[in-house]
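Visitor: Following the hints, position chain B against chain A.
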Amino acid sequence: MTSKKNWLSVPYLFWSGLFIIVPLGMVVYYGLTDRTGAFTLDNITAIASAGHAKALRLSLLLSLVSTVICFLLAYPLAMILAQVQVKRHNFIILIFILPMWMNFLLRTLAWQTLLEKNGVINHVLSFLHLPTLKIINTPAAIILGMVYNFLPFMILPLYNALAKIDGNVINAAHDLGAGHIHTFFRIILPLSIPGIISGITMVFIPALTTFVISSLLGGGKLLLIGDVIDLEFTKTSNWHLGSGLSMVLMIFILINMVLSAIFDKDGEGSML
Amino acid sequence: MRKEKRFHIKWIMVMLALTASVLLCGCASSNKGVNGQVIVYNWGEYIDPETIRMFEEETGIEVIYDEFETNESMYPKVESGAVAYDIACPSDYMISRMIENGMLSEINYDNMPNAKSNIGAQYYEQARGFDPDNTYAIPYCWGTVGILYNRTMVDEPITRWEQLWDEKYADDILMQDSVRDAFMVAEKLNGDSMNTLDPDELTAAKDLLIEQKPLVQAYVVDQVRDKMIGGEAAIGVIYSGEAIYTQKENPDLVYVIPEEGTNVWIDAWVILKNAPNKENAEKFIDFMCREDIALMNFDYITYSTPNVAARELIEDESIKYSEIAFPDLSQYENLETYIYLGEDGDSLYNELWKEVKAH
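If you read the sequences in order, they're chains A and B.
Each residue of the first sequence is one higher than the last, beginning at 0 in numbering that gives the first Met the number 0.
Each residue of the second sequence is one higher than the last, beginning at 0 in numbering that gives the first Met the number 0.
Where hints are given, some of them may not hold.
[What the hints assert, rightly or not] In silico DSBU-like pairs for lysine-lysine, Cα to Cα no more than 30 Å straight-line:
1. A:LYS116 <-> B:LYS167
2. B:LYS115 <-> B:LYS319
3. B:LYS205 <-> A:LYS116
[Unchecked claim] Where chain A lies over chain B, by a calculated footprint (3+ residues, C-beta under 8 Å):
4. 64-74
5. 169-178
Hint data in this document are derived by calculation from the structure and do not stem from the laboratory.
Even glycine gets a Cβ: it sits at the ideal position worked out from N, Cα and C.
Chain A on its own, in the form it takes in the complex (with noise of 0.2 Å):
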């Protein structure tokens, strides 16, 4: 049966060969030579120099951030989806899918002007006579661009999760006594865990490596590990160096898929 189908996965392994590993092998050749093709670790122990080291703390706390808040966002959301009845529930998340129909860069740049000085938000806070917002060029800017971009993808891993739960799990913790609160703690989050890990790999490993978010609405005042690395692709011409923080990154993104194995083991992230 299996050895039938083997030939139907033909175009897909010519696809990530040619698309996925080799080009994976090129950034590990880059990234452990130099200029002259000699073999070197320094692109990957630049990494602690400081201007490096305080980019990917930067990055790392950003993107914490932005994964709790997405989190408590996504949580509440997905437990509403998963109790109403079938046919509300897919116009419910059409509009959360809906934005992302939109291209991600025009999505971000429509925030940054939004958020500008003499941008939309603050000539309504204005006519309003309301003291106007300072968040754009901030960190505070990043994480909103962050959690707007990523949210759906929090919901729909946990949504996934929390819609399996068979009710009548919970009403038989009902029936023997436990509270809602008791219930939820002891019951829904548990169960929900496969679903809350892939949550939180598809808004963290994004939002750890983005530059876009933080170029647009950063403008250039933060400096995240991502735009260090297109820094050096694009304007420096460094790609050793490039590829050699590329490959550090890759080490906190294996350590979050690592992560997600051990708790994810029924694959719900992929029931996307």
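Guide: Just chain B, lined up with the frame of chain A:
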């Protein structure tokens, strides 16, 4: 039912294979013009597309036109030879780097009458800073880097770089988000050369930029233009070519060349050493030097043209004698052109710039 489905999959596979082979062949044999082709690598939005169409029509040479965003992103692509470009249009310091690394081919002026007669002598003179005998490069655009300010948003005229450190303009200043342009401002303010490699001078410049950072609203490149037009900031560092356009959109904007001196830059056409279509490349560059074509490009991109014959054709007197487009450079002191600092010099600047940005 099952059989039909399997047939479908097979069919799709065949289609996929066909598309793939068509795509692969497509790269190898693209449609050539009657008289061959020329592959041009230029800055984004740096030419009137109509002039390319006219060139194709007049010569029967097909133009393959590709754009880059920064000198630094252009260089590795040309160096790797992944695409065999014929012509590129880098800036001064990048041209000297390409000359140093033997990537350029010598210009044969006999094949380029327009380039010889129409480009002003003073611009060839200026180009000798990076191309000592005018062997490799034909100037295409030039300009200065200066301050653009909104006269309704400042208390007094801005004339010096120093004023970009004035705390009353906090959050109203836009700096250039590129290492050399940012350091140039600080180095000129310190009275140093913008090509310095002296560690003390560089540290002083870095400290100055870090000191300025809290006052800066944003480090941007092309967005200076739109932000200044929209009144988003009071003062911005900008290329002179953008200044003319911004003034058309917002008459409150004033462009000045700061007293401490600044960067005079030239972007020039070069023919690459391994250009597959050298003759067509010469024709293309010469066509771009023709006065009517140069005028079309000037009108379109508003960057100062070194083409004196084209400048004569400008009808609008206010532009023909504009202090922004065609300043009399002899009036200003401490003007300099970037030179290539070498790999070590470049990485030194980049390291310091990262420290500023990460601070």
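Visitor: Now tell me if each hint is right for this structure.
Guide: Hints, verified against the model:
{"no.": "1", "hint": "A:LYS116 <-> B:LYS167", "in the structure": "holds (16 Å)"}
{"no.": "2", "hint": "B:LYS115 <-> B:LYS319", "in the structure": "holds (22 Å)"}
{"no.": "3", "hint": "B:LYS205 <-> A:LYS116", "in the structure": "holds (28 Å)"}
{"no.": "4", "hint": "64-74", "in the structure": "holds (count 5)"}
{"no.": "5", "hint": "169-178", "in the structure": "holds (count 4)"}
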